[in-house]
Amino acid sequence: MAAYRADDDYDYLFKVVLIGDSGVGKSNLLSRFTRNEFSLESKSTIGVEFATRSIRVDEKIIKAQIWDTAGQERYRAITSAYYRGAVGALIVYDTTRHVTFENVERWLKELRDHSDSNIVIMLVGNKADLRHLRAVSTEDAKTFAEKENTYFMETSALEAMNVEDSFTEVLTQIYHVVSRKALDIGNDPGALPKGQTINVGSKDDVSAVKKVGCCSS
Amino acid sequence: MKAKSPILNSPIVTLEHKRDAYGFAVRPQHVQRYREYSSIYKEEEEERSDRWKDFLERQSESAQASGQETVDSSDKATEGDDEAQKEEAPATHQAQIWAHIRPSLRAIEDIMNARVKQKIAVAKTEKLDETKNPALFEASTPVKPSIEDDSEEEFYDMERSESDPTPQLPSTVNASTESSIPWKEELECLVQGGVPMALRGELWQAFVGVKTHRIEKYYQNLLDHDTKNDNIIENQISQTENGSKTSSVESVICIPEKWKGQIEKDLPRTFPGHPALDDDGRNALRRLLTAYARHNPSVGYCQAMNFFAGLLLLLMPEENAFWALMGILDDYFEGYYSEEMIESQVDQLVFEELVRERFPKLVNHLDYLGVQVAWVSGPWFLSIFMNMLPWESVLRVWDVLLFQGNRVMLFQTALALMELYGPALVTTKDAGDAITLLQSLAGSTFDSSQLVLTACMGYQNVDESRLQVLRNKHRPAVEAALEERSKGLLMLKENKPGVKLSNGVLSRMSSESSNGDELYLGVSEDVEINSLPDLQEQILWLKNELCTILEEKRSATLRADELETALMEMVKEDNRRELSAKVEKLTREVAELHQALACKQEQENAMLQVLMRVEQEQRVTEDARVYAEQDAAAQRYAAQVLQEKYEAATTSLGEMEERLVMAESMLEATLQYQSGQHKAQPSPRSTNQEPSRKISLFGLGWRDKNKEKLGEEANHVKSSDELKSNGLQMEEVSLG
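In the order they appear, the protein sequences are chains F and E. Numbering-wise, the UniProt record's numbering puts 78 at position 78 of the first sequence, and it's gapless, one number per residue. Numbering-wise, the UniProt record's numbering puts 360 at position 360 of the second sequence, and it's gapless, one number per residue.
Calculated directly from the structure, the hints in this document are not laboratory data. Quick reminder that beta carbons are idealized off the backbone N, C-alpha and C, glycines included. Be aware that a few hints might be false.
[Claimed, not checked] In the DSSO-like style, the derived pairs of lysine-lysine whose C-alpha atoms are separated by at most 27 angstroms in a straight line are:
1. E:K582 with E:K572
2. F:K60 with F:K109
3. F:K109 with F:K181
4. E:K487 with F:K147
5. E:K53 with E:K42
6. F:K181 with E:K260
7. E:K361 with E:K260
8. E:K585 with E:K572
9. E:K572 with F:K109
10. F:K109 with E:K582
11. E:K543 with E:K553
12. F:K147 with F:K109
13. E:K361 with E:K553
14. E:K429 with E:K265
15. E:K473 with E:K572
16. E:K473 with E:K543
17. E:K429 with F:K43
18. E:K361 with E:K572
19. E:K429 with F:K181
20. F:K43 with E:K585
21. E:K361 with E:K543
22. E:K265 with E:K18
23. E:K265 with F:K60
24. F:K109 with E:K265
25. E:K487 with E:K582
26. E:K265 with F:K43
27. E:K260 with F:K109
28. E:K487 with E:K429
[Stated by the list, open to error] So the derived label-pair ranges between C-beta atoms look like this:
29. F:L40 with E:E36: 24 to 32 angstroms
30. F:S137 with E:P423: 53 to 61 angstroms
31. E:R282 with F:A135: 23 to 31 angstroms
32. E:T557 with F:N149: 47 to 55 angstroms
[Unchecked claim] Under 8 angstroms between C-beta atoms, here's a sample of chain E residues computed to sit facing chain F:
33. Q262
34. N306
35. E339
36. P423
37. A624
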């Protein structure tokens, strides 16, 4: 399992967005993953919130920029601007509220409309610790995920269950996409020249950029 | 009856160590900084309380002089009615559901109310013209003058234009505005310096114009629908569409309470753990948000309102809070939290332009990192800095914002934050770092006075009229994007029949659910009517693509520029290195030359010394020569003298010889005379010969005598020496 480490040293930078209905626990998933914190008394997210964390995959350090978005419907016009350049997404629903699972389809469409086609998507059923309140079965969600060709995992930000794994899985898959791309180009992924921009998609200009020294440094 | 409800502005006495003076949570990383600043806050608070007290005393004096005392008794009567009607509400909230602003603040209230009335009047006339086009209505808002631009004349104009709806007020307002002009600037200064905690609730009400907005029993009526309409709403699925801002009772009834779920979700997520927001507090919050959503169904409920309502509830009684919230949302933030959130997107574009204009270097860097300013400033604006800045700073920003009567302070504060933290941002290396840094720096802006003053003083030229021009410039783009968005949804539905079915199911399900689905409902209606040709869709899609490509191009150019400048800098640096090498070399050479020079100087010195010695010697020899010459001269002189003496001696010798010759001749003559006498006698010749010999002998004899004399003298010396030596010999002998 990747350790928490300094942020200023990394091989890849991936932008990931957290989307889903209001109150499904996006902010707590983020705080659990980036700061290992959970709060039952969290506040509503207005617009977007942001955090980063670096993990290690195949001896490569991957820095994840994670955008946590407001869940309310009307904020979509604003939050969809944040999808641009994202190479990974976690669509979160609440396993205890079926309506949040129903809305996943719309989130999926929203995401596919505003982001790159190669984006790695994971369906995340949060609050899995509330077993007695479960309203969405794991099988249904799994079937849906297979149909939509996304990854799937059930998590609990409260119990810190699968949180690490879900993010790591998404980041690893993104890394594999990037490596494949590099292989397609005809190079060993390790032999990529420093400072090269690796585009996961054609529109991408922010993420998956190898660390480049800044001019003003 | 208590004077104030427990959640009113009484400062919280029991403070947890992680909560500030207002009862808000302080982030763990800021606890230390907060402690440092709490004493400063306390001092500032005392100072501003004194200043306000002084100001208000002077105001009340002048107010009493002008004799304006307008307390309508009807308000007091309804206060009682409110209490009677609200039986289900807990006693604490019943205690003061509505409160008047204290008389000392009446003058301020009046001037602010006048502004609100003016706005209402302007809005009314506009509504008559263009009731059906909210977008156009937005566009015409620049006509409204902001309070800063209010001049005496405008106040008069306003009073003339809106004398009908409120016939009882103009005279008093007239009086107060006349007197207000001289102290308005002072008031502005005071507000920028901060509003005292004890007055904040009432002053905010005055600023927003709660009294003018207030309609008797309106709040109560809105809440009364709560129980009646629950079942009606179930049956009546949306027949209304967004746009019309009618607040008539009928439309209120007909709107499905789709925001209810969202409000319920957000109630516990509004200032969680705040001591004043207990169950009663949350109930009040629910009522407030529900009432507003019913009052303005086109906006309904939007996340962020919960925080505003919560804050207002902490500062004022419930109904006052409702009118304040309504005033803020309808007047200050019109079109901001509506379903489309157009204005908030427009403001972001405006703000980006302002930042671009003010901080080109920072923006250049952010562009390079791929950071959009709106990513950070968006949440700032939407939450009016709540949870983004420390609370003291939030309240100070709100003071000015509410006083100004528009959103200018949002821009000023955000620009001030950019000014304060821009330099630090330029050092960041990637987008994530930049955003994290800006967020954390903003969150630690404890120096609220510095922030507010930087905002108000540094960005005075960012005013409402300027912002309106920029908003009008950017609005079409946002509206076009919105249109494309809704068309995009449409296109998908038409193209994918399979999905369409499931979407239809979905939209019905979600219309019952929490999220607002007006867009979807509107779309599904459109599907039947609309038969857009594919071509148009493609054009739209292509336009969209073009837009993104253009944007990419722009960022690429910017990046190229950035790289070029970087290259230039590197080249410059290279040059510098070369130059410095040259300089170094030159300095080395100079040093060598200096050394050589020193050597030469030393040599010169030595030479000089030698020269001096030589000179000295020369002088000595000269002296010697002079002496020698003098000696020579003296000797010559002596020689001459001797010569002279010798000559004199020779001449005298010559004379003597002559005399001698004369004497000899005389002697001969005498002898000849004597011989002549003797011739007669025998042989005179022989006798002749004899005397001559004698004379010569005589002559010689004299000479000899002289010689003898000299010899005798020498002999004498000789003999004395001999004597001495003889004596010595004798001594030797005697000794022997």
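Now for the hints, and whether the structure bears them out:
Of the supplied pair hints, the one linking E:K582 and E:K572 holds, its CA atoms being roughly 15 angstroms apart against a limit of 27 angstroms. Our distance criterion of 27 angstroms between C-alpha atoms is broken by F:K60 and F:K109, whose separation comes to about 32 angstroms. Note on F:K109 and F:K181: the hinted pairing holds, with a Cα-Cα distance of about 25 angstroms set against a maximum of 27 angstroms. A C-alpha spacing of about 26 angstroms is found between E:K487 and F:K147, which places the hinted pair at or below 27 angstroms, so the restraint holds.
With a C-alpha separation of about 16 angstroms, the suggested pairing of E:K53 with E:K42 holds against the 27 angstroms cut-off. Of the pairs offered as hints, the one joining F:K181 and E:K260 is violated, with about 47 angstroms between alpha carbons and a cut-off of 27 angstroms exceeded. Annotation: proposed proximity of E:K361 to E:K260 is violated, straight-line Cα distance about 46 angstroms (limit 27 angstroms). For the proposed pair E:K585 and E:K572, the alpha carbon gap of about 20 angstroms is at most 27 angstroms, so the pair holds.
Using a Cα cut-off of 27 angstroms, the hinted pair E:K572 and F:K109 is violated, with the two alpha carbons roughly 51 angstroms apart. Pair hint F:K109 plus E:K582 does not hold up; C-alpha atoms about 65 angstroms apart against a cutoff of 27 angstroms. Restraint check for E:K543 and E:K553: satisfied, since their Cα atoms lie roughly 15 angstroms apart, inside the 27 angstroms limit. Of the pairs offered as hints, the one joining F:K147 and F:K109 holds, with about 14 angstroms between alpha carbons and a cut-off of 27 angstroms not exceeded.
For the suggested pair E:K361 and E:K553, the alpha carbons sit about 19 angstroms apart, so the restraint of at most 27 angstroms is met. Using a Cα cut-off of 27 angstroms, the hinted pair E:K429 and E:K265 is violated, with the two alpha carbons roughly 38 angstroms apart. Between the alpha carbons of E:K473 and E:K572 the distance comes to roughly 40 angstroms, so the proposed pair goes past 27 angstroms and is violated. Straight-line distance between C-alpha atoms of E:K473 and E:K543 comes to about 19 angstroms, which keeps the hinted pair within the 27 angstroms bound.
For the hint pairing E:K429 with F:K43, the CA-to-CA distance comes to about 30 angstroms; that exceeds 27 angstroms, so the pair is violated. Restraint check for E:K361 and E:K572: satisfied, since their Cα atoms lie roughly 19 angstroms apart, inside the 27 angstroms limit. Restraint check for E:K429 and F:K181: the C-alpha separation of about 25 angstroms stays at or below 27 angstroms, so the hint holds. This hinted pair does not check out: F:K43 and E:K585 have alpha carbons roughly 66 angstroms apart, beyond 27 angstroms.
Taking the CA atoms of E:K361 and E:K543, the gap is about 31 angstroms. The hint is violated against a cut of 27 angstroms. Among the hinted pairs, E:K265 with E:K18 is consistent with the structure: their alpha-carbon atoms are about 25 angstroms apart, no more than 27 angstroms. For the hint pairing E:K265 with F:K60, the CA-to-CA distance comes to about 40 angstroms; that exceeds 27 angstroms, so the pair is violated. Under the criterion of a C-alpha separation no larger than 27 angstroms, the hint pairing F:K109 with E:K265 is consistent with the structure, at around 25 angstroms.
Annotation: proposed proximity of E:K487 to E:K582 is violated, straight-line Cα distance about 67 angstroms (limit 27 angstroms). As the CA atoms of E:K265 and F:K43 are separated by approximately 10 angstroms, the hinted pair is consistent with the 27 angstroms bound. Restraint check for E:K260 and F:K109: the C-alpha separation of about 25 angstroms stays at or below 27 angstroms, so the hint holds. For the hint pairing E:K487 with E:K429, the CA-to-CA distance comes to about 39 angstroms; that exceeds 27 angstroms, so the pair is violated.
Restraint check, F:L40 to E:E36: a C-beta distance of roughly 30 angstroms satisfies the suggested window 24 to 32 angstroms. The hint said 53 to 61 angstroms for the Cβ distance between F:S137 and E:P423, and at roughly 54 angstroms that hint holds. With their beta carbons about 25 angstroms apart, E:R282 and F:A135 fall inside the hinted range of 23 to 31 angstroms. Taking the beta carbon of each, E:T557 and F:N149 are about 37 angstroms apart, not inside 47 to 55 angstroms as hinted.
The restraint placing E:Q262 at the interface with chain F holds, with a minimum CB-CB distance near 6 angstroms, inside the 8 angstroms limit. For E:N306, the interface hint holds, since its Cβ comes within 8 angstroms of a Cβ in chain F; the closest pair sits about 6 angstroms apart. For E:E339, the interface hint holds, the least distance from its beta-carbon to any beta-carbon of chain F being 5 angstroms, beneath 8 angstroms. A distance limit of 8 angstroms between C-beta atoms decides the matter here; for E:P423 the minimum to chain F is near 11 angstroms, and the interface restraint is violated.
Given the 8 angstroms rule on beta carbons, the hint for E:A624 is violated: about 84 angstroms separates it from the nearest Cβ of chain F.
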